[in-house]
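Residue numbers (the working numbering), protein chains in the order written: chain A, 1 to 275; chain B, 1 to 257.
The set of hints was computed from the structure by calculation and includes no laboratory data. Do not take every clue at face value.
Said to hold, decoys possible - Across the chosen pairs, the derived CB separations fall in these ranges:
id, chain 1, residue 1, chain 2, residue 2, range
1, A, G114, B, G179, 29 to 39 Å
2, A, R254, B, R124, 15 to 25 Å
3, B, D88, A, G115, 12 to 22 Å
4, B, G179, A, K96, 33 to 43 Å
5, A, T140, B, S174, 17 to 27 Å
6, B, S151, A, T92, 20 to 30 Å
7, A, T140, B, W123, 15 to 25 Å
8, B, D97, A, H139, 18 to 28 Å
9, A, G81, B, G50, 35 to 45 Å
10, A, E11, B, G254, 50 to 60 Å
11, A, F2, B, E159, 53 to 63 Å
12, A, E148, B, Q170, 12 to 22 Å
13, B, W123, A, E170, 47 to 57 Å
Claimed, not checked - Just so you have them, the derived chain B footprint on chain A, three or more residues with Cβ under 8 Å:
id, region
14, 69 to 82
15, 123 to 135
16, 180 to 192
Computed from a prediction, not measured in an experiment: that's the story for all the values here. The C-beta atom is built at its ideal place from N, Cα and C for all residues, glycine as well.
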Amino acid sequence: MFLSAAAAIEELVPEGTGLLAIGGMHMHNNPMDLVRELVRRRRVIRRMLTSPSASLAADLLIGAGLVEEVATAYIGFEHLGLAPAYRRAAETGSIKVLELCEAAIVHGFYAGAGGLPFTALPQGLELSDVSTANPEHFHTVTDPFTGERVLVAAALRPDVALIHALSADEQGNVFFAGAHFTDRLMAMAAKTVIVQVERMVGVGERVAHAAESVLPGFLVSAVVVAPSGCLPTASHGAYGYDEPALRAYLKLARTEEGFAEYLRLNGMTAAGVTA
Amino acid sequence: MIAAVDYSTAELMATVMARQLRPREVAIMGAVSALPQAACRLAQLTGAPGLWFIAGGSGAVNPHLDPLVASSCDERLLDADAVLSLPDVILIEGRGDLIDVFFAGGLQIDARGNCNLGPVGPWRQPTLRGPGGVGLPFVARAGRVVIYSMSHDRRTFVEHVDFVSGPGFQSGQSRLPGGGPSLIVTPLCTMDFDPDTHRARLATLHPGVSVDQVLDATGFAPIVPAKVEATPLPTPEELSILRRMDRTGLLNPGAAR
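Given the sequences, and given the hints that come with them, work out the whole structure.
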């Protein structure tokens, strides 16, 4: 249940993982210590699925050349700029992009979590090019109740989900602070769930949490205690994002050489692998 | 003519957007949305008391914006009247009868109000890979869509977007279940949409901006009415409200304190 980041990745994320989901939203709650370990171990991911809005975690894995296909609705850095590695990979055609929207992701997770074979989407969503561009993920069927045409999307059932939360207890119950974004839902849809936390839960803290802020331990495969492990992204309940460090990444990652330098400077080379 | 009160372009745009909102409406916005958030808070305190707004991925309902923050998922947004989980926000965006106003934007915005935040150029190997549209497909279901952009140039404003992230009007009969785009707000002007042709139409010019300047900066030909009004200026009261929440100068770097 309680593992180091190195052991969690080694034992629970096999080479060539079919569908790896990464939690957090924008530059908040990215499970960076787990992601840095994936980079160190150079784990190849067949398809990476992001939350509705991904940032550094996704861009880093793409820049490291570990992602064959990315399923996403957004990878960027909001007011700080576009995602440099994602841009380079998509513009040179070295990565396949499965363009999704937040509805396909969240309703896909509901389907995955609930055992539904697929999910129907609201009328009007067929007017965007998201579904047109990705006929493998979206279909149009006849609504058996009304006879109208309806857009449907595949269920999302990640093989592995990497998420972050504030704390955990000895049973692996996981507690979120601030917003839990789509991470709790993502975890409920995934077969294997690795949760990076800031710390163990404090005495008396548990009762302060509403039901929606807890992920029970039977849905959690491993907990990795990683203080400050989201930096340079924010950890709700603990710290904000480190804007200078994010800007430094964006500057270096503009070129492949700079990206490699970022990995060296941040201990993400094979030399950083521990047993 | 120079206004007696000094203001930034973003502050002017915020006051324009605030005046689009009515009491007790429900508005929503996505990533990089400090500007529409400030507009909504301003509207609550001026012309639209009782307005509700949902601040992007944070799920915050009526964040107090004390202070205004840059990221749409900042924890400080949760200092709010209420908070929804993000899956709940995305769930109820689908209902189609709850969201009155959707604030949208794009790397490309076209003559019929379609927005693109995805690939610019060929889909499979784009010349510019945009971040992605997140929830923009939902604009199809909103009561009306207010489009904003901090860039007004020919790369941004095009006849047809290369990829439709947020559906606007199509060339023929509108198939939108919602009301569609109602206004575009840029650093130069505002444009509304001709009710018959659904094509963008110059509505107001910001102070000091000419019709030719807008036409030069726009990659499609908007409808230009015989007479184009001037965009109303921000009032001192509006600027004072904006600057109380915008303590780091997100809308006006010169006014930061």
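Comparing the hints with the structure gives:
The hint said 29 to 39 Å for the Cβ distance between A:G114 and B:G179, and at roughly 33 Å that hint holds. One distance hint, 15 to 25 Å for the beta-carbon pair A:R254 and B:R124, holds here, with the actual separation near 23 Å. The hint said 12 to 22 Å for the Cβ distance between B:D88 and A:G115, and at roughly 21 Å that hint holds. Checked against the given bound of 33 to 43 Å, the beta carbons of B:G179 and A:K96, roughly 36 Å apart, stay inside it.
Taken as a hint, the range 17 to 27 Å holds for the pair A:T140 and B:S174, whose Cβ atoms sit roughly 20 Å apart. The beta-carbon spacing between B:S151 and A:T92, approximately 25 Å, falls within the hinted interval of 20 to 30 Å. Remark: the range hint 15 to 25 Å for A:T140 to B:W123 is upheld by a beta-carbon distance near 19 Å. A C-beta distance of roughly 26 Å is found between B:D97 and A:H139, which places it inside the suggested range of 18 to 28 Å.
Here the CB-CB span from A:G81 to B:G50 is close to 37 Å, well matched to the stated 35 to 45 Å. For the pair A:E11 and B:G254, the beta carbons lie near 54 Å from each other, so the given range of 50 to 60 Å is met. Separated by about 58 Å at the C-beta atoms, A:F2 and B:E159 satisfy the suggested range of 53 to 63 Å. For the pair A:E148 and B:Q170, the beta carbons lie near 19 Å from each other, so the given range of 12 to 22 Å is met.
A hinted range of 47 to 57 Å for the beta carbons of B:W123 and A:E170 is consistent with their spacing of about 49 Å. Counting residues of the region 69 to 82 of chain A whose beta carbon lies closer than 8 Å to any beta carbon of chain B gives 8, which reaches the threshold of three, so the coverage claim holds. Check result for the region 123 to 135 of chain A against chain B: holds, 8 residues qualifying (beta carbon to beta carbon below 8 Å, three or more required). Only residues whose beta carbon comes within less than 8 Å of a beta carbon in chain B count, and the region 180 to 192 of chain A has 5; three or more means the coverage holds.
The structure meets every hint from the earlier list without exception.
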